[in-house]
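Using the hints, position chain B against chain A.
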Amino acid sequence: MPVFAMPWLFGAAVAAAAAVTALHLLSVRTPPPLAFPTARFVTDGEARAVARQPRLNDIGLLLLRVLALLLLGAAFAGVRWEDDRASVLHLVVADARWATDTAWRDSLTRVLSRDETMLDVHFARGVADDPGAALIAATQRAAWLTAQHPALSRVELTMALPPKVATRAGYDAWRTQWPGAVQLLERGGRAAHDSAPLVPGVIVVEGGDRDEAVAAAMRGVTAAAGTRVRVNRGTGEAVLVDTGGRRVGGAAAQPLVAIDVQWPRDGVPRDWVAMTVPDTVGALAAHGRTLIGPFERTALPNATLQARLDSGYSAARPVRAIAWWGDGVVAATEEVGGEGESTSAVPCTRTVAVRLPAGSDLLLTDDARGLLRALSAPCGTARVASRSLDGGRAAGDSAATPVAAPASAFRGLSAPRTGSDPWWLTPALLAAAILLLVVEWLWHDRAGVA
Amino acid sequence: MSAYGPLLDAVRGVRWPARRAVGAAPPGAHRSSQKGTAGEFTEYRLYRQGDDPRALDWRLLARSDRAFVRLSDDRALLPTWIVVDASASMAFPAEGPTRSKYTQAKQVAVGLAAVAHASSDPVGVVVVADGAVQRIPPRTRRGTVQEIARVLDSITARGASPLAPAVAQLPIHARIVVLTDCLGDSESLLKVAAAHAVAGAMFECVHVVAGEELRPPTGTHAVHDPESRDDAARVSRVLAADGVRAYRERFDAFRREMATRWRAVGAGYTEVVTTADAARAVRAVVMGVAVPVNGVAGVER
Chain A
1 MPVFAMPWLF GAAVAAAAAV TALHLLSVRT PPPLAFPTAR FVTDGEARAV ARQPRLNDIG
61 LLLLRVLALL LLGAAFAGVR WEDDRASVLH LVVADARWAT DTAWRDSLTR VLSRDETMLD
121 VHFARGVADD PGAALIAATQ RAAWLTAQHP ALSRVELTMA LPPKVATRAG YDAWRTQWPG
181 AVQLLERGGR AAHDSAPLVP GVIVVEGGDR DEAVAAAMRG VTAAAGTRVR VNRGTGEAVL
241 VDTGGRRVGG AAAQPLVAID VQWPRDGVPR DWVAMTVPDT VGALAAHGRT LIGPFERTAL
301 PNATLQARLD SGYSAARPVR AIAWWGDGVV AATEEVGGEG ESTSAVPCTR TVAVRLPAGS
361 DLLLTDDARG LLRALSAPCG TARVASRSLD GGRAAGDSAA TPVAAPASAF RGLSAPRTGS
421 DPWWLTPALL AAAILLLVVE WLWHDRAGVA
Chain B
451 MSAYGPLLDA VRGVRWPARR AVGAAPPGAH RSSQKGTAGE FTEYRLYRQG DDPRALDWRL
511 LARSDRAFVR LSDDRALLPT WIVVDASASM AFPAEGPTRS KYTQAKQVAV GLAAVAHASS
571 DPVGVVVVAD GAVQRIPPRT RRGTVQEIAR VLDSITARGA SPLAPAVAQL PIHARIVVLT
631 DCLGDSESLL KVAAAHAVAG AMFECVHVVA GEELRPPTGT HAVHDPESRD DAARVSRVLA
691 ADGVRAYRER FDAFRREMAT RWRAVGAGYT EVVTTADAAR AVRAVVMGVA VPVNGVAGVE
751 R
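From first to last, the protein sequence lines are chains A and B. Counting from 1, one number per residue, gives the positions in the first sequence under the numbering used here. Counting from 451, one number per residue, gives the positions in the second sequence under the numbering used here.
Warning: the hint list may mix true and false statements.
Claimed, not checked - Computed beta-carbon distance windows for the label pairs:
{"#": "1", "chain 1": "A", "residue 1": "D445", "chain 2": "B", "residue 2": "T668", "range": "29 to 37 Å"}
{"#": "2", "chain 1": "B", "residue 1": "S570", "chain 2": "A", "residue 2": "T43", "range": "48 to 56 Å"}
{"#": "3", "chain 1": "A", "residue 1": "D445", "chain 2": "B", "residue 2": "A645", "range": "54 to 62 Å"}
{"#": "4", "chain 1": "A", "residue 1": "V439", "chain 2": "B", "residue 2": "P456", "range": "51 to 59 Å"}
{"#": "5", "chain 1": "A", "residue 1": "V439", "chain 2": "B", "residue 2": "T668", "range": "34 to 42 Å"}
{"#": "6", "chain 1": "A", "residue 1": "L23", "chain 2": "B", "residue 2": "K641", "range": "50 to 58 Å"}
{"#": "7", "chain 1": "A", "residue 1": "A15", "chain 2": "B", "residue 2": "A691", "range": "32 to 40 Å"}
To be verified - Example chain A residues on the side facing chain B (calculated, C-beta under 7 Å, incomplete):
{"#": "8", "residue": "P32"}
{"#": "9", "residue": "L34"}
{"#": "10", "residue": "P37"}
{"#": "11", "residue": "T38"}
Hints in this document: simulated from the structure, not taken from any laboratory. If you're wondering where the values come from, they're calculated on a predicted model, not measured in any experiment. For every residue, glycine included, the Cβ atom is placed at its ideal position computed from N, Cα and C.
Bound conformation, chain A alone:
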């Protein structure tokens, strides 16, 4: 089926052809001349009479002109020959770090391939952390593909996600931008990182000093070297416990999930080295929040930790950075499978090398509170289940049958392809149109001579 990169241009050609046809129908035709001696007795009239009944004249010339116009329009409109079966685009967006897993990719293609559907597997960074990245990447990819393939009418989106993602903030923010339903595909072969305990929410601070959350948090965390934060599995509430596992404050003892947050007020965490001359940095970023303030940097990751961080996150090296200074230096790390209590299903150690400035109004802001809570929260507490994203369907979405987004919603977001496909189609159409125009000129000239 021929499709056009610029359909309006072909439409203009069709309109011009229609106008030419109308002119042929409405052309003023002079009646045949007749030498009539008694013409003086004919009532005066206009010699260029218009035919009363529309009738095509010079059908050959009309066909030549109309065909030449259509060919010119098709050539300039960037005609392409598209398989009309591919009217549905099935777009699969997965995390970029899975791009090298060709076996998974092939199996995905095998499973999802359907007739009359164009399958496109697209990899984007950050999808495993926040599905919002997948939505953004899907929107961009859909815009590009719909511009390249005008025959597409619908776009189905499937996001390949790990069982748990770091946050859904971006997903929630961008969900309304995708005009259709979103299918979730949980990728098998979970990484160790993904198997961290799932805690929907954490209240870090529970102490006596309720007037100053930061001070309370720091006091709780740094109360003693062996202080742990445990989370009440039933209520999701985090409590401080002492080295003996006893709750610091709070009431009844309940099953707890072990976490280990090393955030010393003074000194440096383990695997970190103290800077001989502390410097100052202006910002701290973590968990999607950025806090600008007069931070003092006193420690840096040691060579071993830095090497592990540089080598990337993997099951063998389950450590990653979770907070960064404004200049990009790591400020906090998280390691799965680190030291933990025996009660923990999967121990996790979070190390924070941030020295908070002494009491300041800055730390009373919401960003500061959220940042501190996130840094002091147990490992994995910020992760949410991928399945919970189902609740973010657009209005009218059906849980059983995903609603494909209309391709028209993405057209115009990306520059359309203007070239023809195959490449020789435009030159061939132009040559044919010019040939027809030459024939039309010769024909018209010959008719004029005749």
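Same frame as chain A, but now just chain B:
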């Protein structure tokens, strides 16, 4: 002459008497206005001094002792001029099942010449075509009709030339027959005809009308007068189906006006349609009667 053979056969024996007495002329077949001493007695008149004594009726003088002279009408020749209009309008229709007006005019002219020649009248012809005037003076010798036919056949109707100057040069003591479609200088021609008629000439107008002029062709055409020299006016009028009625009314009025005006100047007027038989047209002209032809207007007297 083979084309005119049936026509000449058809008009053989036809006589074409003058419509009134002919003036002084050599003896001929037409009644003369002159009184003479011919053998055919007409009346007596008292002898007057100067009369030829040979005209006295001596027997009557002996019986009545009164001198009377015997009078009789003279018979005179009537030279006949046949003027044929060979303008471009006479070539209509140039093609089609019917003959053109010029062809019909040729047939009638040859027929009239034959009739006049048979009456021992001198017959001549004047053909006006494309600014040129070709004439054969009236003759009575043998072969005159054939010569007239050859001249007529050698001319193609074209151009626009006035008939009046050519007719004005003709002698007044003659019969002048003009075969025309009256679409040229009819006003001037009527004036010349009136002058000639007053002077004693016998004028006949044979108005040649094409059948296609009476019943225009169907369809829409941009009609133009072939004698018009103005290119802009050549395609200035459209003859369509809804305009035929008005056209015919105007054309009929024109023909009636022509008949009235020609007769008003003392000339004979005969309308000949191209669809009419030429011999019957000749008889109609000669006999001065209206003969319907093919149910159409035919010949009108």
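For each hint, the structure was consulted:
1. A:D445 - B:T668: 29 to 37 Å: 33 Å, holds
2. B:S570 - A:T43: 48 to 56 Å: 51 Å, holds
3. A:D445 - B:A645: 54 to 62 Å: 58 Å, holds
4. A:V439 - B:P456: 51 to 59 Å: 57 Å, holds
5. A:V439 - B:T668: 34 to 42 Å: Since V439 (chain A) and T668 (chain B) have Cβ atoms about 36 Å apart, the given range 34 to 42 Å holds.
6. A:L23 - B:K641: 50 to 58 Å: Between L23 (chain A) and K641 (chain B), where Cβ atoms are some 54 Å apart, the hint holds.
7. A:A15 - B:A691: 32 to 40 Å: 37 Å, holds
8. P32: OK, holds: P32 (chain A) within 7 Å of chain B, min 6 Å.
9. L34: L34 (chain A) check passes; min Cβ-Cβ to chain B is 4 Å, inside 7 Å.
10. P37: Since chain B brings a Cβ to about 4 Å from P37 (chain A), closer than 7 Å, the hint holds.
11. T38: At about 5 Å, which falls below the 7 Å cut-off, the nearest Cβ of chain B leaves the hint on T38 (chain A) intact, so it holds.
No hint from the list above goes unmet by this structure.
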